[in-house]
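Visitor: Generate the whole structure from the sequences, applying the supplied hints.
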Amino acid sequence: MPGVATFGLLCLMIIPAPGIWGVLIGGVCALAIVISAMLWLLDRMATRLLAWRGRHRARPAPRRRVVHAGPGITRKV
Numbered sequence: 001m002p003g004v005a006t007f008g009l010l011c012l013m014i015i016p017a018p019g020i021w022g023v024l025i026g027g028v029c030a031l032a033i034v035i036s037a038m039l040w041l042l043d044r045m046a047t048r049l050l051a052w053r054g055r056h057r058a059r060p061a062p063r064r065r066v067v068h069a070g071p072g073i074t075r076k077v
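Position one of the sequence shown corresponds to residue 1 (the working numbering), numbered consecutively onward.
Be careful, since some hints might not be right.
[Said to hold, decoys possible] Label pairs and their in silico Cβ distance ranges:
| id | residue 1 | residue 2 | range |
| --- | --- | --- | --- |
| 1 | D43 | I15 | 32 to 42 Å |
| 2 | L10 | I35 | 37 to 47 Å |
| 3 | V4 | R55 | 35 to 45 Å |
Everything labelled a hint here was simulated from the structure, so no lab data went into it.
Beta carbons: idealized from backbone N, C-alpha and C, even for Gly.
Guide: What follows is the structure, encoded as structure tokens:
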């Protein structure tokens, strides 16, 4: 979509459309570029937020210290 809108704006600069059609086409192209930029920014913010959330969830819980019996204790038979 942004590529098509940019192409439309470039065509209007090279071959201007007369009257209301030029304003209408230019406005639609500019609106498409602005909307796609806003969606791109929203996508980047959402990606960073999900990555941050994933990093904080991935932290393991603090482990308790394991106490071993040691070599001096034998098993009762």
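Visitor: All hints are to be evaluated individually against the structure, with a verdict given for each.
Guide: Hint check:
1. D43 <-> I15: 32 to 42 Å: Holds, since D43 and I15 (Cβ atoms, about 34 Å apart) stay within the stated range.
2. L10 <-> I35: 37 to 47 Å: Violated: the Cβ-Cβ distance is about 18 Å, outside 37 to 47 Å.
3. V4 <-> R55: 35 to 45 Å: Given a distance of about 37 Å, which is inside 35 to 45 Å, the answer is holds.
This entry does not satisfy hint 2, going by the numbered hints stated previously; all others are met.
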